[in-house]
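Peer 1: Residue numbers (the working numbering), protein chains in the order written: chain A, 1 to 331; chain B, 332 to 644.
Please keep in mind that the hints were generated in silico from the structure rather than gathered at the bench. Any given hint might turn out to be false.
Covered by chain B, according to a simulated footprint, are these stretches of chain A (three or more residues, beta-carbon under 8 Å) [stated by the list, open to error]:
#1 88 to 98
#2 101 to 109
#3 291 to 305
A few chain B positions that, by computed beta-carbon distances, are all more than 12 Å from chain A [said to hold, decoys possible]:
#4 Asp474
#5 Ile533
#6 Lys554
Ideal placement from N, C-alpha and C gives every residue a C-beta, glycine not left out.
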Amino acid sequence: MAEVSLSGITRRFGDTLALDDVSLTVPDGAFVVLLGPTGAGKTTALRMVSGLDRPDAGEVHIGGRPVGGLTPAQRDVAMVFQQYSLYPHLTVRENLEFPLKSPLLRTPRAEIDRKVAEVAGMLQIAHKLDNRATNLSGGEMQRVSIGRALVRRPSVYLMDEPLSSLDAKLRADLRVELKKIQADFGATLIYVTHDQVEAMTMATHVGVLDQGRLLQFGAPREVYENPVSIQAAARLGQPRINLLPADLFGDAPPRAATIGLRPEQIEQGAGADSTVVRVERLGDQTRLHLIYRDHALVTVTDPHTPLGPGDLVPIRPRQPFYFDAAGARVA
Amino acid sequence: MSGYSITEPSRGQKRLAGALVILYAVITLLPLLWIVATGFKSPSDAISYPPKLVFEPTMEGYVNLFTTRTRVTPETLAELPPPDTWYDAIVRKYDMVIAGPSRYGERFLNSVIIGFGSTFLSVFLGTIAAYAFSRFKVPLKDDLLFFILSTRMMPPIAVAIPIFLMYRELGLNDTHLGMIFLYTAVNLSLSVWLLKGFIDEIPIEYEEAALIDGYTRFQAFRKVVLPQAATGIASTAIFCLIFAWNEYAFAVLLTSGTAQTAPPFIPTIIGIGGQDWPAVAAGATLFLAPVLVFTILLRKHLLRGITFGAVRK
């Protein structure tokens with residue numbers, strides 16, 4: 001396992017800047033989740049580490065060694081692709097064996113069989129080993145594709161939205177399983193997703209990307225509780241953070257243009273009145289849609305709330321975030 | 332109301348379609364059947380009018396195809412010991428004896444060497460060129476591809492005279508190598524274009540996965556791209572073989588002895604001892620076999636479908 005560092009990575013595709021001077025260090029054994037909307041540069045960042053793509057500027061180090069001139073094979077990385085990329089002419093077993101049989105590893109037969117059986121059991125695909133890779137459901141393909149990475153012990157695992165096409169239960173199971181595997185192996189893992197639950201539950205570090213820039217990098221709780229900008233704040237939290245004019249609730253610090261309120265930063269039962277528009281009962285969460293001085297905001301309330309549309313709720317901010325006109329955090 | 336569906340044809344429609352297909356097959360196969368039948372007719376049956384549909388089959392055509400014969404006087408024939416083989420017996424009915432084997436075997440072998448040799452070369456070069464055009468940034472890619480295609484825009488025979496002169500200077504006239512090169516050159520444009528289409532269809536993600544899994548670019552090509560391009564390679568090979576196998580004009584022009592292929596040879600049979608249609612038909616029948624066998628051997632690769640479905644679109 002190894003530390004991975006990116007320094008000043010820039011990559012352009014034509015006129016679009018896919019990565020803009022991105023620097024970050026993934027400590028050895030860390031589980032780093034890169035979070036961001038579609039087109040933020042998450043996958044491009046992974047490809048830079050894997051060696052499938054090269055930066056226009058900047059350097060990648062794996063285990064302290066510059067890997068700029070190395071092929072993906074020489075970099076010793078394993079990757080789970082978003083599109084599965086299972087070899088269609090091979091069976092599930094042959095797909096899982098493929099990396100072990102590579103000229104780099106040349107694993108002995110007994111070892112191959114042991115590892116394939118182990119991974120197949122872990123991912124619950126043991127009964128499908130002799131199926132053709134094309135003859136699987138989407139979820140099974142995705143598990144095989146994860147398995148193809150897990151049969152190896154590379155210096156770093158790269159995963160590109162590996163759980164995106166699984167059903168909710170399997171996704172929850174595999175989240176726990178992946179986290180456990182990573183912890184057991186002490187593996188360094190870089191994981192791309194736009195699912196904040198995955199980010200919050202698995203990551204030791206979260207990197208928030210937007211339009212090719214790394215907005216914030218830190219522990220998930222830190223990114224959640226202490227966002228550096230509007231964009232970073234908006235990536236985490238369900239329901240999304242409410243962004244309102246800074247002076248809506250009275251005095252605001254100098255230069256502040258926007259006030260950011262997560263549900264827990266809205267105190268109910270004190271302050272000025274807001275009107276309930278809708279009560280949304282999601283089961284585990286009950287959301288309150290409010291209008292406060294002509295601005296809509298969403299917060300969370302008690303599941304057994306007696307409130308209904310038209311009722312008045314007094315609210316006031318509690319330790320809110322303030323951002324300046326450019327979106328940077330000021331308080 | 333009876334069941335009605337847009338996709339499922341009714342029983343009557345299916346029968347009609349089946350009947351049409353069979354009718355079409357019969358019409359297209361009729362000339363082929365004629366050739367095969369003529370090969371087993373006696374020379375007189377072959378030219379009788381109206382044509383004989385029922386006749387007594389004989390191997391005369393095949394014997395004449397593979398042998399050269401000399402006419403002898405009835406007295407000489409009577410002095411000979413009785414024929415010791417069935418084909419000797421057939422020949423003696425016409426006051427002839429077998430003088431030796433004909434050139435058909437050699438010409439057939441030439442066709443095999445040149446046909447399969449040029450097919451292999453076309454497909455081999457076509458595959459690597461198509462891979463490069465499909466995957467790499469080739470300068471002037473579109474112009475090059477158009478240039479390659481443009482070699483197909485005239486009939487190949489239009490350049491017969493320059494090629495004849497070039498080949499004479501290079502000493503390639505009437506050589507196996509010369510014919511293999513020529514047919515490869517003609518087939519290559521088809522091969523590159525066909526195979527590029529097939530390779531374009533193979534998502535690049537498979538190769539990327541193989542690169543990550545510890546393989547080099549070339550190993551990824553061999554282990555991942557080639558198996559998936561099998562359909563394209565098989566169908567391209569069949570097209571190339573059919574052209575090289577059947578080519579007549581260049582073969583007449585550029586070969587006469589050592590490297591002569593079967594197509595220019597078969598018509599010459601007719602001149603040996605009268606109009607020997609059964610021998611010509613026998614030669615043509617045997618000539619059909621290799622392409623047929625080759626196509627049957629490759630037919631399982633012609634079925635599409637194994638390459639689809641493991642990459643999410």
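Peer 1: For each hint, tell me whether it holds in the structure or not.
Peer 2: Going through the hints against the structure:
With 3 residues carrying a beta carbon less than 8 Å from a beta carbon of chain B, the stretch 88 to 98 of chain A meets the three-residue requirement, and the given coverage holds. Counting residues of the stretch 101 to 109 of chain A whose beta carbon lies closer than 8 Å to any beta carbon of chain B gives 4, which meets the minimum of three for the stated coverage. Here the stretch 291 to 305 of chain A counts 0 residues with a CB under 8 Å from a CB of chain B, which misses the bar of 3, and the coverage is violated. Its beta-carbon lying about 21 Å from the closest one in chain A, B:Asp474 satisfies the requirement of being farther than 12 Å from that chain.
Under the 12 Å C-beta cut-off, the non-interface status given to B:Ile533 relative to chain A is violated; the minimum distance is some 9 Å. A beta-carbon of chain A comes within 12 Å of the beta-carbon of B:Lys554; the shortest separation is about 8 Å.
Of the numbered hints given earlier, the model fails hints 3, 5, 6; all others are met.
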